[in-house]
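Our numbering numbers the first residue of the sequence shown as 131 and each following residue consecutively.
None of these hints come from the bench; they were simulated from the model.
Below, a list of computed lysine-lysine pairs in the DSBU-like style, where the Cα atoms sit at most 30 Å apart:
(1) 280 to 248
(2) 206 to 333
(3) 280 to 206
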Amino acid sequence: YVRAIEMAGGLPLLIPVCGEELIEDYLDSIDGLLLTGGDDFLPELFGELPEPVECEFEPERDHFEMALIRAAWERKMPILAICRGIQGLNIALDGSIYQDLAYAGLDRIEHRQREDMKLGSHPIHISDDHLSELLGADIVVNSSHHQAIKRLSPEFATAAVAPDGIIEAIEHESLPIYAVQFHPEALSHKYGEMQDIFNVFIKMCEVK
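Construct the entire structure; sequences and hints are all you get.
Structure representation (structure tokens):
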């Protein structure tokens, strides 16, 4: 993530999981928010009880990021959300996620690929005009997740889907937000066009 931001001409600032009282100070110091990949989200955050599936949680990070996302949202700050990031953005704005795709019967496609993450593993179709202009309408992406958007937040529309119907990107009608389920920061080293997501994100951050 850091290298992709640097390549786009941005200055990365890593925000640690800390007291929520510091969130506004951190947001004062940045022009845009990148939400990265990571572990699973606590089911309680989207109103569900845990299912009998194997998950790895970071409760402090979960609660901190929920507050961070909502604060950035209130500021209409540019946001780029990747993998866990798109799920967190959706949860923070009244959506939900599948706790485990296989448990939900959605295992026709292997969304936790065994191949190198610098390689694509399954196709997606992009319906959003802006994102398809950057990447193309039908592309192959990498995939490293077993959770995914279930109930889409009313704030967003679907921008891309996999052949099994899993949401791979979402869009907002007017706010400067890009959110994808795959990992462009890994693919950007092999497929140069993936770097364009970061380039556009930095340009959005430059707009005052």
